[in-house]
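Enquirer: Each protein sequence line maps, in turn, to chains W, F and B.
Per the working numbering, the first sequence starts with residue 1, numbered consecutively.
Per the working numbering, the second sequence starts with residue 1001, numbered consecutively.
Per the working numbering, the third sequence starts with residue 2001, numbered consecutively.
No false leads were slipped in.
Capping the alpha-carbon separation at 35 Å, the derived lysine-lysine pairs in DSBU-like fashion look like this: (1) F:K1111 to F:K1087; (2) F:K1066 to W:K113; (3) B:K2016 to B:K2079; (4) F:K1087 to W:K113; (5) W:K171 to F:K1060; (6) W:K82 to B:K2218; (7) F:K1004 to B:K2218; (8) B:K2185 to F:K1087; (9) F:K1062 to F:K1085; (10) F:K1122 to B:K2192; (11) W:K10 to B:K2218; (12) W:K113 to F:K1085; (13) W:K230 to B:K2218; (14) F:K1085 to B:K2192; (15) W:K113 to F:K1080; (16) W:K171 to F:K1080; (17) F:K1122 to W:K171; (18) W:K113 to F:K1122; (19) W:K82 to B:K2071.
None of these hints come from the bench; they were simulated from the model.
Here the structure is a predicted model, which means the values were calculated and not measured.
Now for the letters of each chain:
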Amino acid sequence: MIKIFINPGKFINFANFVIKPLIFISIISFIIGLIFALYVSPDDYQQGSTVRIMYIHVPSAWLAMLTFLIMTIYSIIALAFKTPFGFIVNSAVAPIGATFTFICLFTGSLWGKPMWGTWWVWDARLTSVALLFVMYLIIIFLKKTTNNINLGEKITSIFIIICSINLPIIKFSVDWWNTLHQPASISKISSPSIDPSMMKPLFIMTIFFISIGLLIAIIRIKAEILERKKII
Amino acid sequence: MSIKYQRLIIIIFSLILIASAIFLILFNSKKNFVFFLTPTELINSDKILKEQIRIGGYIKTKSLIKQKNNNYYEFIVTDKENEIKVKYSGILPDLFREGQGVVIEGKIMGKNEFLASRIFTKHDENYMPASIKKQLKQKNYWNKEY
Amino acid sequence: MQIINSITALFYKEYKIAYKNLYDILTIILFFLLGIFIFVFSIGPNEEIFQQIGIGIIWTLLLLSNNLSIKRFYQNDFKDGNLHLLHMSGMSYELIVLVKLITNWFFLQIPFFIFIPIACLMLNIQNDNIYLILLTFLIGSPILTSIASISGSLNLLNNRNIEIASIIVMLLSIPVIIFSFGIIKAPPELIKPQLSFLIGILLLFVSITPWICAACIKIAIRNS
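Please put together the full structure from these sequences, using the hints given.
Expert: Listed below in structure tokens is the structure:
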């Protein structure tokens, strides 16, 4: 079972098996999620209709951080056990994470203008997410600086491990410091501070974001594996 | 001394350093990197007049005075202990209302007086449909305090 | 005792190189001073503005001049095979990195302690703030050196896009500049916790730098 996530050959079998259901899930959850987010869910008591930006902003922020976490884990595995699959995952997944971070920053800025009264403010949460975006870009560029693919990948994964110190800073910045950004709503599982009627679309949109991210990642990883086989 | 011993010594050395670093960082992380000061912190600090800073707090209910025509507002920001009078002229954000959390950027103009140049409104982590709030208020369950 | 001999030999070699290339070090300092000239000309001779942003100008230029020294760490030793030879003679890469850190800090950052006060006088910064700048630079400069070392070792075999090394340095030194600037601007009772926070960052960087740099050097040597 665990070999699926380490062994390229098994991964391709797994990918072929999983792609079609993933396409199905992402289309269905996209349609249902949008209907729920735009029509069914109620207005917020403070923010009115603007709260609907949350259904894109929050899942993309989660996915941006989750992608970086996955990259960190894979870099450690790849460097420690000398399995090249981690490098393949890193190079395939980095642009996806960058896109999610960009969506998060963009929608957050759109949300901030009507609610806070500014597009951008230099508080801890916003700055650290912007740094995450820069890190993603550097990760994408760094792999291509040398002619030797092997070297570029290893250097990149070392850089990813260094940069992973940013993840706890992003997560806890709203608790450690006074920020304009509000603290996390779903930190306690027992009683989240979001009403159930608003939790539903958020949950469905999260499923959509995860499935679409996973789908693109699987296709990219598969393409990368096949390309490397061709080189060999 | 062989390479293995060298690395062992450096490992121990760096572990000690990392432990002390974590100790130092964890014990001091709460006191710095301030985005805004609360009114109490502002009164207790020795900030100079006309210095550009940010303060944060809640708008006291029934304290907002507005002049028509020229977008001029006066209100009181409080953290339940101390109060600061704020003057502002400009456009307010949508979320600005009495009882709301705000962060205000501007200059100190004297004891308990503040001239705002920009206003950001904070919203909390609670999301709730507008209809439910009405029901709660009718049944007197709405006891959220600012 | 052989190891101590080889460490002193390495120190002596670094000293000789630094002494022979004294003009290169002076170039970096000249960059720092000229940068201040350019800031002054682009803002205009307004003393009030300088008192507000002078500290920021000085820290920015310190960071940028740190960028110029990235190639000075391992590039030459790596290209002529010195690193490999040192390793074969019984020094671990981590030890080499530590020695390099100390010497580079000494020869590249210590001269700035003479020139920072001069720059502060040019920008009309108050005396109290000059002490604080020197204090924060004393703690911050080893961090800058280790960041430059990390970035230099990450880009050892990078012959196409060396600018990315500067970008990595700028990215990693953001916490340094946030806290050093915070210390200088902070009210007196907040200086101590922030200073110990900065020292914490310093210890963290000093402890992880040898391992990261050694790993990068090993990878580069294996793949070259």
